[in-house]
Amino acid sequence: MKRKNFWLFVSFLLISSMLLASCGNKPAAPSLLRVWIQWGDNPQQIQTLFDKYTAETGIKVEVTAPLEEDKILPTLIGSDPPDILVLSGGDRVKSYFHEGLVEELSSAVKTGKIDLNDFFAAPLDQCKMGDKILCLPWGTDMYALFWNKDMFEAAGLDPNTPPATMEQLAEFADKLTKVNADGTIEQLGFLPDQAWGHSDLYVHMFGGFWYNDDGTQLTANSQPMIDALTWQQQFYTNYGADAVLALSSGWADAYMSPDYPFYTGKLAMYVDGEWMTGPNFISAFKPEASYGVAPFPPPAAHPERANTAVVQGTVAVIPANAANKDASAKLLAWMMSPAIVAEEFCFNANLPTSKIAAQDPCFTSNPKFKVFVDLMASPNAKYIITTPITSELYDAMTPLEEEVLHTGADPKPLLEALQAEFEPKLEEALK
Amino acid sequence: MEELRVKRKWAWPPRLPKWRYRERVNFRIGMLFLLPWTIGFLAFTLYPMVASFIYSFSIYHARAPLEWVGLQNYIGLFKDDLFWKSLFNTLYMVAIGVPITLLASFFCAVLLNLKVRGQAIYRVIYFLPSIVPTVASAILWLWILNPQTGILNTLLGYIGIQGPNWMSNPAWSKPGLILLGMWGMGSTIVIYLSGLQDVPTHLLEAAELDGANWWQRLWNITVPMVSPITLFNLITGVITMFQYFAQAYVFRGSHGLGYPLNSTLFYSVYLYQNAFLWLKMGYASAMAWVLFIVILVCTLLLLKVSERFTYYAG
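Here the protein sequences line up with chains A and B, keeping their order. Just so we're aligned, residue 1 is where the first sequence starts under the numbering used here, counting upward by one. Just so we're aligned, residue 432 is where the second sequence starts under the numbering used here, counting upward by one.
Looking at chain A on its own, in the form it has when it is part of the complex:
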């Protein structure tokens, strides 16, 4: 009996000490913070960057990168998420917020004294929902036209003059495409969806998008959408979609290799991001490549749409279940500071989201990279409007785009069907 009482007493002491420990008004400063990053080819470099935070504050930061896509949701739902989660794109942030999985960041911005004026408008706007801030952009990507100067020269075109309009781009593409006698294609002038689709850019060039400006209505069947798909379709149907696919199948998988068609003289023009101009891609795989980069041209009838580009890229969120939100906010503020943004994105050759960081010679000394920096400051820089159904809509749009481009299908009825399917879903999701 005495022994039983003794154990009861010990249990009581243990439980009451645990309760007392958890009842404090202010959580004690953590000794360890965790940052999980969805991307990251070089996790060691990212860890070294965050070690600087440890040196400044004494708080250890543990980086996990890259994080697989299917781990993100369990991570956010679980009771022990990281203190900061960095996502490859902002397209699911609104869905996560809708489900209560990520924190609204207004108070974190105040706590961390984050200067929102230092952010470029387009990447920051992708994180906003009304007056709410759901994420903060941490480096970003933009897309422009790349052209192979040697191939231009061989086709009798001025190697230093890229197409000025979308119509001229199609003309150039035709001159640059070589079709063999047996119908197979030797080289392509332009592939609109090389590596992945760029309908978001083309549809902006035609003056629209698949949502209205505030993301409350779906406009998938609008004329700009039809025009954007029809314009892309010609680059397949003009030469036979099967022949184009036979040549280009596997190109995307050669993206990080010297066999990439843009280097091997198989593809003369395509749309790609700023990182290609950095040290890890063209310079690494084909240092002698003679190429140019320019903003994607507008339609001839709309020169005011020149310098239109779409921002897509990394965003940081604080999970709703994060243990110590003040500590997360301070770390987030440190991540967003111009010096850290400059260091990280100079290393990765991605666009800095901080205006101060963008003045670093690392970003301005390379004229090809500067094309993208200038594009981000352009008043025509756009962000992708997202809603809670964005992810599902993308997954439906991808095969639709394939069907139009690769089989020559009429985009209008397909877009009508898409509109009919997703309009009620958006309505439901926004309730």
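Hints were generated in silico from the structure; no laboratory data involved. Any given hint might turn out to be false.
What the hints assert, rightly or not - Mimicking DSS-like on lysine-lysine, the simulated pairs with C-alpha atoms at most 25 Å apart in a straight line are:
| id | chain 1 | residue 1 | chain 2 | residue 2 |
| --- | --- | --- | --- | --- |
| 1 | B | 510 | A | 412 |
| 2 | A | 52 | A | 113 |
| 3 | A | 110 | A | 128 |
| 4 | A | 175 | A | 149 |
| 5 | A | 425 | B | 516 |
| 6 | A | 425 | B | 510 |
| 7 | A | 412 | B | 516 |
| 8 | A | 425 | B | 711 |
| 9 | A | 425 | A | 412 |
| 10 | A | 128 | A | 382 |
| 11 | A | 71 | B | 711 |
| 12 | A | 325 | A | 149 |
| 13 | A | 355 | A | 52 |
| 14 | A | 325 | A | 286 |
| 15 | A | 325 | A | 113 |
| 16 | A | 128 | A | 431 |
| 17 | A | 431 | B | 510 |
| 18 | A | 60 | A | 113 |
| 19 | B | 711 | A | 431 |
| 20 | A | 370 | A | 286 |
| 21 | A | 370 | A | 382 |
| 22 | B | 711 | A | 128 |
As the list claims (entries may be wrong) - Facing chain B, from chain A, some residues (calculated, C-beta under 8 Å):
| id | residue |
| --- | --- |
| 23 | 70 |
| 24 | 73 |
| 25 | 99 |
| 26 | 100 |
| 27 | 246 |
| 28 | 391 |
| 29 | 392 |
| 30 | 406 |
Glycine is no exception: its CB is placed at the ideal position from the N, C-alpha and C atoms.
Place chain B on chain A using the hints.
Same frame as chain A, but now just chain B:
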């Protein structure tokens, strides 16, 4: 009789039979060894199954209580074109992929069972691909099936056949995946080989003496004698194919899931998309239970039908 019934009555805690001390100790040690598995089973199999069953009748919210919707998820499935598309793609793999793979592995096993020089080396060569990780083999096959530079179309070109756009043509993407699956059929071959070792030689010799040729011996003796192995391989193959995921996930390359034109959107891929990309956990759970029922029905049907073609010696 009455006394027996009383004795059989359930009682809690159950009374252990009157064992000797040693037996009791052995029993407890045995239970202790079983404990990790039991906890694992309860936490990681039974609990998720029960939870997914409940989720399948509700709309799942990560941070809010479940919203009970009755059969809405199940009804929604039957109205969902992508559900039917994914089911069709999966059934295609089951109906075409499994028999072709079984047939090919049986003939490979028969060849590898021939007493020829270097038999062990041939067996190793055929088995090796099955231990290559799925992701690695899928990436390798992306290159093999490249329509312009891939080795398969190059070989077909030598015999005057223009190979198709394996991975960008919806008509050829699934056959491409079946080829990839056949490359890794080493474990099925090994199981067949073990069955072939058990085919009684006296039967084969007797048939040979009676003038039966190779094909007749194979068809009338070997095939019936390995029919239990065929049934085993068939059922495991069907179950595996119904859950086809990893290869399709990797095989899309840098394109969206289901590329091209949703022709590789298999049931598990669509389930994954619903659960982890679109946060529709309730809908995905309903899909999981429908798949469970489909697999169960198929397995029971196969077992029933197999009574006609399976021969259990002795």
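query: Can you list which hints this structure breaks, lowest number first?
result: 12 and 14
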